[in-house]
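These are the residues of each chain, in order.
Number of protein chains: 2
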Amino acid sequence: MIQISLSRRLRRTPFSEGVEAAGVAAYTVYNHMLLATVFRSVEEDYRHLKAAVQVWDVACERQVEIRGPEAAKLVQMLTPRDLRGMMPGQCYYMPIVDETGGMLNDPVVVKLAEDRWWISIADSDLLYWVKGIAHGYRLDVLVDEPDISPLAVQGPRAEDLMAAVFGEGVRAVRFFRFGRFAFQGRDMVIARTGYSKQGGFEIYLEGADLGMPLWNTLIEAGWAMDVRAGCPNLIERIESGLLSYGNDMTDENTPHECGLGRFCDTGTAIGCIGRDALLRVAKEGPVQQIRAIVIPGDPVSPCDRHWPVMAQGRQVGRVSSAAWSPDFGTNVAIGMVRMTHWDPGTEILVETAEGPRPGAVQERFWN
Amino acid sequence: MIQISLSRRLRRTPFSEGVEAAGVAAYTVYNHMLLATVFRSVEEDYRHLKAAVQVWDVACERQVEIRGPEAAKLVQMLTPRDLRGMMPGQCYYMPIVDETGGMLNDPVVVKLAEDRWWISIADSDLLYWVKGIAHGYRLDVLVDEPDISPLAVQGPRAEDLMAAVFGEGVRAVRFFRFGRFAFQGRDMVIARTGYSKQGGFEIYLEGADLGMPLWNTLIEAGWAMDVRAGCPNLIERIESGLLSYGNDMTDENTPHECGLGRFCDTGTAIGCIGRDALLRVAKEGPVQQIRAIVIPGDPVSPCDRHWPVMAQGRQVGRVSSAAWSPDFGTNVAIGMVRMTHWDPGTEILVETAEGPRPGAVQERFWN
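Chains as they are written, first to last, in our numbering: chain A, 1 to 367; chain B, 1 to 367.
Keep in mind that the hints were calculated from the coordinates and are not lab data. Be aware that a few hints might be false.
[Stated by the list, open to error] Label pairs and their calculated CB-CB ranges:
1) A/TRP223 x B/ASP226: 34 to 44 angstroms
2) A/LYS73 x B/ARG364: 45 to 55 angstroms
3) A/GLY185 x B/ARG47: 48 to 58 angstroms
[What the hints assert, rightly or not] A partial selection of chain A residues facing chain B, derived with a Cβ cut-off under 8 angstroms:
4) ILE2
5) ILE4
6) LEU10
7) HIS32
8) ASP98
9) SER124
10) LEU126
11) ASP140
12) GLN198
13) LEU242
14) SER244
15) PHE263
Just so we're clear, the structure is a prediction, and the values are computed from it rather than from any experiment. Idealized CB from N, CA, C, for every residue including glycine.
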């Protein structure tokens with residue numbers, strides 16, 4: 001197994017001490033920041049996430065903050081999703097596209113006020129694109145990366161743990177909404193969002209000083225609920241069909257290819273920079289698309305590069321994420337498949353690390 | 001020791017097979033790509049780099065390619081360095097700054113032709129900034145990340161190895177110039193550049209198919225020169241004062257703070273987006289600046305976060321990179337120090353991982 005070299009460039013977070021004390025076994029790097037990937041084992045972490053509650057250091061979901069009179073205009077320029085109905089207090093998942101409709105990021109965007117937004121980014125320096133656009137169009141906005149570090153609480157017992165720390169009011173926060181709750185005298189934005197389908201919240205910690213107090217309070221309050229330090233879990237996220245930018249799609253792909261066409265209101269998202277290109281895609285439809293793929297049989301190795309998807313000796317797609325699912329007793333995978341082979345039930349061959357393995361396109365994801 | 005979790009998001013390179021076969025011990029992530037940091041040990045790799053020749057997979061130095069009639073104009077917008085005298089065939093190290101003069105990257109830029117440039121980037125998605133600016137200003141250019149993977153050959157015997165593979169003509173390539181040389185029938189740009197002060201070249205491999213053939217040819221041709229797989233070496237780069245973007249500086253810093261004022265022609269770099277802000281800095285001078293710092297005594301641990309630099313009980317700077325130097329018998333470090341304490345010989349206290357250690361500001365770096 002190969003080590004990770006730590007350096008200041010791979011930034012620590014306000015919660016790193018807690019992650020280390022909990023015995024993190026492996027890291028990845030996400031937005032130039034450390035992100036835990038394993039504590040006990042991917043499978044043990046998975047079982048626990050589905051049964052109890054975990055605290056995740058997802059400070060690597062850095063925020064791009066946009067403030068000013070033209071903030072709303074700028075956010076609409078970034079995405080093909082129609083934002084006219086979005087109210088302060090709401091969170092939207094939105095594809096961010098360039099002028100060709102290529103995906104630059106797929107964040108959750110938090111609308112704090114008409115003139116103040118947070119873009120909670122996936123793994124790319126979206127700040128640079130937003131700053132470049134704001135500058136190039138001479139928009140009346142301020143764009144920067146504030147000192148905000150999200151901490152996620154995920155799992156079936158997440159709501160109980162959050163209520164124990166922030167009060168019963170937190171139970172009233174609806175899916176993809178947020179409220180403000182006090183912790184040690186400071187207000188924090190708390191949203192019912194998160195990178196799992198087990199339910200839960202994300203706490204937007206402003207400033208680093210309360211990082212470890214918040215972490216420790218959650219861990220202590222959750223003792224009777226079997227709380228543990230955790231992290232986004234590869235198996236659970238594939239079962240749930242949660243895409244990972246950089247793994248499952250890149251700026252080569254349109255939202256439509258990623259199955260995100262429902263977030264593209266190309267008829268009404270006036271101002272979106274990629275709109276012209278996406279209108280064309282919406283008319284013609286994509287020629288390849290993300291699919292759930294099942295690979296029966298023995299567990300496959302992790303997918304650290306594209307695995308070609310073959311049929312009749314020709315490449316018809318690629319798998320980008322795969323894991324053995326204990327709950328479903330098979331390998332679950334995410335892939336991009338050409339339209340000739342994307343119908344549910346289509347049999348394909350996946351060139352895994354262990355050689356070609358029969359698989360099939362699924363109608364939907366597992367969770 | 002903590003492992004790195006491999007995934008498709010941490011991209012492999014055309015040379016990864018060679019790196020693995022050579023027994024890479026640790027990786028970092030750089031531009032969403034794997035970069036080896038250690039083979040035998042940092043110290044053993046260091047001694048070998050200074051004595052022989054190494055082949056480095058630096059494919060993570062991704063290229064931002066700019067083509068079109070307004071390419072030169074766009075490149076000048078990105079940097080305060082005056083590009084009027086730059087000829088095709090030249091490479092320039094250039095700070096890239098935003099509208100406030102904050103550094104977004106510090107690449108080597110290759111001028112292929114008046115209308116075609118490569119920006120060989122440090123660790124940030126500079127592509128997004130360049131695309132945003134090009135789009136916002138409606139410039140007549142194409143901007144993308146082509147499939148180009150640099151491979152470095154570094155060390156005192158680098159020229160001999162390069163001549164053995166590419167012919168004697170490669171010896172005539174001057175420092176920060178490039179030429180075109182054939183390998184297996186394909187032309188490659190080869191520049192006399194690299195992230196060490198031991199001398200050497202960088203080969204810009206276009207297309208991935210010749211990656212392993214090129215790697216293997218260099219390793220085989222260098223057998224008698226004791227060639228090894230290597231990587232940028234922490235000790236050597238600190239001794240040499242080679243800054244690392246994300247470690248030693250970020251977008252918080254101006255080029256002047258980084259000691260890169262000599263690359264800022266704010267009087268003549270007409271069109272540079274950050275020029276107004278940097279004119280102000282140039283007039284007033286920075287209040288903190290990068291310095292070489294010596295920390296005598298026992299070896300310190302790697303610097304994985306900022307170490308405060310103290311004097312008279314107050315913080316006067318921070319160290320961002322540090323390593324034990326066998327050749328100089330002391331710890332060598334890079335830090336940012338306030339003007340009150342930046343004069344050579346000033347004694348300071350560095351709060352290392354092992355606690356406070358006396359140190360001093362040096363006049364210059366070691367190599």
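We went through each hint and held it up to the structure:
Here the CB-CB span from A/TRP223 to B/ASP226 is close to 58 angstroms, at odds with the stated 34 to 44 angstroms. Range check, A/LYS73 to B/ARG364: Cβ separation about 50 angstroms, and the 45 to 55 angstroms hint holds. In this structure the hint that A/GLY185 and B/ARG47 lie 48 to 58 angstroms apart at CB holds, the actual value being about 55 angstroms. At a threshold of 8 angstroms, the smallest CB-CB gap from A/ILE2 to chain B is about 6 angstroms, leaving the interface hint in force.
With a cut of 8 angstroms, the hint placing A/ILE4 at the interface with chain B holds, because the nearest CB-to-CB distance is about 4 angstroms. The beta carbon of A/LEU10 is positioned within 8 angstroms of a beta carbon in chain B (closest approach about 7 angstroms), and the interface hint is therefore held. About 6 angstroms separates the beta-carbon of A/HIS32 from the nearest beta-carbon of chain B, less than 8 angstroms, and the hint is met. Hint status for A/ASP98 relative to chain B: holds, with the closest Cβ pair at about 6 angstroms, below 8 angstroms.
For the restraint placing A/SER124 at the interface with chain B, the shortest Cβ-Cβ distance is roughly 6 angstroms, inside the 8 angstroms limit, so the hint holds. Proximity of A/LEU126 to chain B holds as hinted, the smallest CB-CB distance being about 7 angstroms (cut-off 8 angstroms). The criterion of a C-beta within 8 angstroms of any C-beta in chain B is not met by A/ASP140, whose closest approach is roughly 14 angstroms, and the hint is violated. The closest approach between the C-beta of A/GLN198 and any C-beta of chain B is roughly 21 angstroms, which is over the 8 angstroms cut-off, so the hint fails.
The restraint placing A/LEU242 at the interface with chain B is violated, with a minimum CB-CB distance near 14 angstroms, outside the 8 angstroms limit. The closest approach between the C-beta of A/SER244 and any C-beta of chain B is roughly 6 angstroms, which is under the 8 angstroms cut-off, so the hint is satisfied. Interface hint status for A/PHE263: violated, as the beta-carbon distance to the closest one in chain B is roughly 20 angstroms, over 8 angstroms.
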